[in-house]
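Student: One-letter residues, chain by chain:
Number of protein chains: 2
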Amino acid sequence: MNAFSRLEQIRIVLSHTSHPGNIGATARAMKTMGLGALYLVNPKHFPDPEADARASHASDILARAEVCTSIDAALQHAVLVAAITARPRELSLEAFDARQGAKELLSYVNQPVALLFGRENSGLTTEEVSKCQIVIHIPANPEYPSLNLASAVQVMAYELRMALFRDDIEESIVRGIPADFNDLESLYAHLQQLMITSDFLDPDKPKLLMQRIRRLFARARLEKEEIQILRGILTALGKRW
Amino acid sequence: MNAFSRLEQIRIVLSHTSHPGNIGATARAMKTMGLGALYLVNPKHFPDPEADARASHASDILARAEVCTSIDAALQHAVLVAAITARPRELSLEAFDARQGAKELLSYVNQPVALLFGRENSGLTTEEVSKCQIVIHIPANPEYPSLNLASAVQVMAYELRMALFRDDIEESIVRGIPADFNDLESLYAHLQQLMITSDFLDPDKPKLLMQRIRRLFARARLEKEEIQILRGILTALGKRW
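Residue numbers (our numbering), protein chains in the order written: chain A, 1 to 241; chain B, 1001 to 1241.
If you're looking for bench data, these hints aren't it; they were derived computationally from the structure.
Note that the structure is predicted; figures quoted are calculated from it, not measured.
Treat the hints with care, since some could be wrong.
[Stated by the list, open to error] Away from chain B, derived, C-beta distances all over 12 angstroms, residues of chain A:
id: 1; residue: Ser70
id: 2; residue: Ile134
id: 3; residue: Glu143
id: 4; residue: Ser146
id: 5; residue: Arg166
id: 6; residue: Ile177
id: 7; residue: Pro178
id: 8; residue: Leu201
id: 9; residue: Arg221
id: 10; residue: Glu225
id: 11; residue: Leu230
id: 12; residue: Gly232
[Unchecked claim] With a cut-off of at most 20 angstroms between alpha-carbon atoms, the simulated SDA-like pairs for lysine to any residue come out as follows:
id: 13; chain 1: B; residue 1: Lys1103; chain 2: A; residue 2: Asn141
id: 14; chain 1: A; residue 1: Lys103; chain 2: B; residue 2: Asp1097
id: 15; chain 1: A; residue 1: Lys103; chain 2: B; residue 2: Pro1139
id: 16; chain 1: B; residue 1: Lys1103; chain 2: A; residue 2: Asp97
id: 17; chain 1: A; residue 1: Lys44; chain 2: A; residue 2: Ser122
id: 18; chain 1: B; residue 1: Lys1239; chain 2: B; residue 2: Tyr1188
id: 19; chain 1: A; residue 1: Lys103; chain 2: B; residue 2: Gln1100
id: 20; chain 1: B; residue 1: Lys1103; chain 2: A; residue 2: Arg166
Glycine is no exception: its CB is placed at the ideal position from the N, C-alpha and C atoms.
Can you build the whole structure from these sequences, using the hints too?
Tutor: This is the structure:
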């Protein structure tokens, strides 16, 4: 797989974008750096003439953008999902700056990875971040760290291109086949169901506890085989209930 | 001088910007990275509500932007001027990519440096580039290297911040006091006048030859003392005419 198609496979996922101009500007930012896969989760206005105008010569990317009705749909089979945030938050997923994060994303070869960007005004929700394995923050002025959405995409796309064409990427660590988004969500669902069944978890307020579990597994970067093992254990344990 | 005021001293110079939205977005891009000095050379519309809207919380930068009627006015006393272009051009000024260029600009401490950005559609003119000592290009997709103006500012401002706060900047090479923009222009004017007086240069078409001379001196990164020496020589030689 050559370098160009590696960039083409990186997904830029925009969640609940309000301003169609930002969608167009994002497409342009992506194309200038060689990216091509744009996913739009419940955009407020799309398609829209303002998106077309700001895309300039990147209308092909808008034309083939995937419009999704849920984050999960946009993240299908991604082996690594990065939450892009203004600053690393308390949540304590494994955190990288933009430069390190680009290298981390490119350490997965021939498998889809995704960068998840939140709403213009409020960023990513806690639930959205919980679907990610790592957090990437763009170093910025602490007094005003709020980059425009398309500008944040531009910086990340630029760092991805720089990482691929300029920097020496460290040889991929020898890994097993990584678990993908679907594997992980199945594991969490399986686990949550068992935790509720077993009265360990209050089904009326499962959130905090499930968040902690997600973070724990996110740091582990599970392999497919490990998921199978874990789910095998759960299945076995579940038989008692 | 601390790191913050170093970023504040870096001038972002926009030449003949057509869309006021790009001016506002530039101010925002600058502020997110800690830059503050914006110079606008003959903007088509400024001030403008669209600029205010896109600036978001960076209206302070717009409020103190310097509006100039010539490139020369915006470059007064700058010791290093970088032309930002989509790709290094034939002109063969010393060329850097965005990352190297940011380090080069920061190697001048406590002295103003400037980044010159051209028109949205056509970039910098040859004459504008000739006022610069170095060219910086942002690595991009060769099939579509045309970043939005404010996005290009965002990438450069990001690299300046990264260079200052993250990278180990190589110790400034021991240099004499660098010549500034005014020193250089005086030298070129002095030289051109003498070249014409001496019939070496056709006053009706001085451009090409003067371009070559500018490039030659640009590569040299002259010091103030060297300018004095050169002009001393010119003065001495000029007495014969």
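Student: All the hints need checking, so say for each whether the structure fits it.
Tutor: The hints, checked one at a time:
Every CB of chain B is more than 12 angstroms from the CB of A/Ser70 (nearest about 29 angstroms), matching its label as outside the interface. A cut-off of 12 angstroms between C-beta atoms confirms that A/Ile134 is not in contact with chain B; the least separation is 19 angstroms. The beta carbon of A/Glu143 sits about 8 angstroms from the closest Cβ of chain B, which is not more than 12 angstroms, so the claim that it is off the interface is violated. Remark: the non-interface label on A/Ser146 conflicts with the geometry, its nearest Cβ contact in chain B lying 7 angstroms away (cut-off 12 angstroms).
Residue placement check: A/Arg166 does not keep its beta carbon more than 12 angstroms from all beta carbons of chain B (closest about 7 angstroms). Every Cβ of chain B is farther than 12 angstroms from the Cβ of A/Ile177; the closest lies at roughly 31 angstroms, confirming the non-interface assignment. Distance check on A/Pro178: its Cβ is at least 28 angstroms (rounded) from any Cβ of chain B, clearing the 12 angstroms threshold; non-interface status holds. Chain B leaves A/Leu201 outside its interface by the beta-carbon criterion, the shortest separation being 41 angstroms against a cut-off of 12 angstroms.
Against chain B, the non-interface label of A/Arg221 holds: every CB pair exceeds 12 angstroms, the least being about 25 angstroms. For A/Glu225, the condition that its CB be more than 12 angstroms from all CB atoms of chain B holds, with the nearest at approximately 37 angstroms. Separation of A/Leu230 from chain B is adequate, the least Cβ-Cβ distance of about 38 angstroms exceeding the 12 angstroms criterion. Every C-beta of chain B lies more than 12 angstroms from that of A/Gly232, the closest at about 44 angstroms, which supports listing it as non-interface.
With a C-alpha separation of about 19 angstroms, the suggested pairing of B/Lys1103 with A/Asn141 holds against the 20 angstroms cut-off. Among the hinted pairs, A/Lys103 with B/Asp1097 is consistent with the structure: their alpha-carbon atoms are about 19 angstroms apart, no more than 20 angstroms. Distance restraint check for A/Lys103 and B/Pro1139: the Cα-Cα separation of roughly 17 angstroms lies within the 20 angstroms cut-off, and the hinted pair is therefore satisfied. For the hint linking B/Lys1103 to A/Asp97, the alpha-carbon distance of about 19 angstroms falls within 20 angstroms, and the restraint holds.
With a C-alpha separation of about 15 angstroms, the suggested pair A/Lys44 and A/Ser122 falls inside the 20 angstroms cut-off, and the hint holds. Distance restraint check for B/Lys1239 and B/Tyr1188: the Cα-Cα separation of roughly 18 angstroms lies within the 20 angstroms cut-off, and the hinted pair is therefore satisfied. The straight-line distance between the Cα atoms of A/Lys103 and B/Gln1100 is roughly 19 angstroms, inside the 20 angstroms bound, and the hint therefore holds. A C-alpha spacing of about 16 angstroms is found between B/Lys1103 and A/Arg166, which places the hinted pair at or below 20 angstroms, so the restraint holds.
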